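Participant: Heads up: the sequence lines are chains A and B, in that order. Going by our numbering, the first sequence opens with residue 107, and the numbers climb by one from there. Going by our numbering, the second sequence opens with residue 25, and the numbers climb by one from there.
Since the hints were made in silico from the structure, they are not lab data. Remember, it's a predicted structure, so these values are computed and weren't measured experimentally. Just so you know, not all the hints are guaranteed correct.
As the list claims (entries may be wrong) - Straight-line distance between alpha carbons at most 20 Å, and here's what the computed SDA-like set of lysine to any residue pairs gives:
(1) B:K489 <-> A:R607
(2) B:K446 <-> B:Y388
(3) B:K502 <-> A:I622
(4) B:K489 <-> A:R182
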Amino acid sequence: MNDRITRDMSPAEILAALRRAEGYFLCNNERDVSQSDFKNRLMPMTTVRVAPYRDAAGFFSVEVSGGASIHLDLMRKQVNPFERLRIARKHMPRTLLQTVCRGANLFGYRHYPENVIRLVVREFAKYVDVWRVYDFLNHVPNMAVVFEEVKRAGRLLMPSVCFSTGREHTDEYYVGKVGEILEVTGPDVIISIKNYAGLGTPKRVGQLFEAISRAFPDIILHYHGCNTDGNDIGRMTAAVLAGAKICDVADHGYGAIYGQAPALTLIQTLRDYDKKAEGISIQALLQSSDILRRERKIYEAFESPFRGHDPTVTHYKLTGGAVVSAFEQADRGGFLERMPEILEELARVQVELGNWWSVTPGSQILWTTAVSNVLNGRYERPSLDLQNLILGRYGPLPFYEPEDWICEKVLEYQRRDGKKWHKIIYDEGGQIKPHEPDLEHERRRLQEDLGRAVSDEDLALFLQFPFDTLSYLKFEGKYGKTWLLPPEIWFRQGGFAPGERLKFADERGVPHYIDILSTRREGANVHTTMSVDHNIQTISIQVEG
Amino acid sequence: MSPKLKIDKILVANRGEIAVRIMRSAQELGLKVVGIYEETDKEAYHIMRADEVVCVGPGPRRDYLSIDRIIEVAKQTGAQAIHPGYGFLSENPDFPEACTNEGLVFVGPPPEVIRNMGSKVIARRLAMESGIPVIPASAVLSPGSQGDQEALAFAAEHGYPLMIKAVSGGGGRGIRQVEDDKMLLAGLQQSRSEALLCFGNDEIYLEKCIFRPRHIEVQILADTFGNVVHLGTRNCSIQRRHQKLIEIAPGGLRPALEQEICQAAVRLAQTARYLSAGTVEFLVGADDSIYFLEVNTRIQVEHTVTEVVTGIDIIREQLRIAEGEPISFSQDQVAERGFAIQVRINAEDPKNNFLANPGVLQVYQSPGGPGVRLDGAIYQGYEITPYYDSLLVKLTVYGFTWAEAVQRLARSLRGFLILGVKTTIPYFQQIVRDPDFIAMNFDTSYIDDHPQLLDYQETEREVDKIARLIAEINAFGKNPYA
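With the rest of the complex left out, here is chain A:
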């Protein structure tokens, strides 16, 4: 093989190898695929099953962490996000692990205090090699503390510039933004263009990469896109031909999704242009997808009922994952038939509110505003988050402020002091530095709740998601490492049949067998008799009352 990048290389060696390479590299974005298409439910054992082939495939990196995945690990997968990283590291020893971090929002939905940011980054940086960092307003100061901590940890920094389309989204703006970032980080970084919704034509994306490459010829560029409209292969092709060195892709075993486009399709396309996928083993790619095709069936219940590509995303500009959840939310809320209207309204509020980037947490603000506008009247019931946005709590809006009538409706909503919107902005506007908690006090608080010592990792999770971390840690105490269970058992519907044998191995590789012997319903209780490693036990669960 090959000129692959491996984990035993230092960040400087990696950057040198990227600069030297004539071809391009691929990042497998399992995290985004899981978030965009499987409600973040891809379980660690699926990662483990495919890991040997992924590790052999020669990816620049595999993004296994970050975004909403941390919170969902705690809420719906009951796996410690750090544990998940340790699992990935163990089973993919050669491959760089990547995360995506929302700047000052870390892996959550609000700006965290500086001491929390530093602790969280420091803890995650013990496992994460590559840090993709963005801010939904492209406000560089919102990312600066994370930049600092990643560099301090000796990890590879990938500052991201969110990309969208429209009058304001010019090459000049983006080149300027890259320059602004480089002034903070220095040149030893990888600049990522975060095309969160897969916007723009291949031609537009090619122009953008050309403009940035022209302005910063030594800078390594990464393209992160989405295949919502089915055309990300075109955009990636254009980006690579214009100088991009790394692209985010998916396994074709997950084919036809809103997340990333298939690696193999890109490789085959770029071959015509004499562009080589550096370090990649086609055989390992094929083997990975052979496994994932089988695994995908397990997650069928979590795939969107609205499958297939959607070229109209260029209009409403939602990320892949948000499209799926938007339709589901509409279905659950009983306003599915009004979705065309809502998506139209979404496009309109994006423009009205400043035409910035519809990505977390901005995407949630835009979505709830659009839904509320359609259901309750335009800006009649604005959310607190929208008020905060207009007040500048998240940072300055990049292009323009909403019109006065919108500011009036939003800021004066339920205001009891009679203060006018311009006075509110004058008196209360701007970013407020969040209060820094006493970390040792927080640790003691968690310790008291758990009745055990609390590690820095536990604390890093608790400071971001107090309630869900506590629930998870209690779950872990009670049920242990349930990620060891195959996902087909974890997600089992309808219970288990008598005579069924559940097999799994523990972390030491010791096999365990749980044989279901009988299920007996008695009033509000269900009694399951099992042979657990050849010891018979009956466990009674109260299911009613």
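Fit chain B to the supplied structure of chain A, relying on the hints for placement.
Facilitator: Frame of chain A, contents of chain B only:
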């Protein structure tokens, strides 16, 4: 000397592990065994081990204490002898008396011996007659304020701390330590009430408290031919609130002291005209001074460690003695080899003040291999009820050296798999890791001096935790946490 009587059938007037233990030896001797049970104990394991069983009543506890009913069952089933085990009726002199009156052999000392030894005052007098030092003690205190004055006078003469003891007490019950006059006067009243409640006798006395003593006891056997032998010593210093937790044989005394204490026990047994198996208990001070404590006129829970280091089956000898046979060996044939440690694995929660933790034994797996002896009466699926004691199984390990015995104990404790109830196992696991225990450096204040032994995390097998989740997925038809 009594005439010989061949016993063919014996009734075991007890339950649980000691009933099983007695049945084993009896059956080895070719005896048929009658077991008894209360209705509330009908799932007990000892019932399954008997050759014949009879329900003695609805229970709980009271029918195991019914002398009339048990004798009736013995006669009805044709049993010629009754073994009382420990607890229940074992130290009630009315029981052997009733047996004798009904022509049944009581496997144990005669009633007058039990009566004498059961009285702390008489026992002390007998000890003194045998030339054994006793702990300075008062006479039985007079009732009321006169008793208070007698107590204060004793305290003035001997100083504090003192122990208030019930004349009829035993097994650690009815004992209270007091540090000053105020505690003494308050304690007298409480001890009288407790003694009356527990033993039906409110007589109490005072005893000088020995500082940080070791609890050493001597196992004796006496037959109807006047032979008395000792089987060496046991160290039962590790106690919690005067209840033994760990017992060790031999007692770990220097040889001359071991000899001295054993000889003293034999002398006392001879003076008391003792019969059958018994235990003479002593306190040994830090300066190796010895004091007589009491005599237990029954087989004891911890007899196992003596059996392990001597190779002598004490129950078998009891049965032979009851048949009018002489002890089957002589004193010079007795040798202690290596070390034995017994721990009482109880269904208790050490972190919750050792509160009994009744429940169903979902899973029970025990250790085995070299040097491991188990005396239990439990099985997977057995329900530990709140009606009886919480002893699940006694684990006795043997090692050629103390270090080997401790390592084997640690290994054996790890070998248990018990689900469904909390047990004392994690507490013992702390003890076997404790440097003082490993160095054999302990006295009766060990538990109080080592509160950190309770600082453990309860561990559960990962597979069992996951099994709980599997049961939930099965019960709800989906994973409620996914």
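Participant: Against this structure, judge whether each hint is valid.
Facilitator: Going down the list of hints, with the structure as the test:
1. Of the pairs offered as hints, the one joining B:K489 and A:R607 holds, with about 17 Å between alpha carbons and a cut-off of 20 Å not exceeded.
2. A hinted pair counts as satisfied when its Cα atoms are at most 20 Å apart, and B:K446 with B:Y388 qualifies at roughly 12 Å.
3. A C-alpha spacing of about 16 Å is found between B:K502 and A:I622, which places the hinted pair at or below 20 Å, so the restraint holds.
4. The straight-line distance between the Cα atoms of B:K489 and A:R182 is roughly 18 Å, inside the 20 Å bound, and the hint therefore holds.
When the structure is compared with the earlier hints, no violation turns up for any of them.
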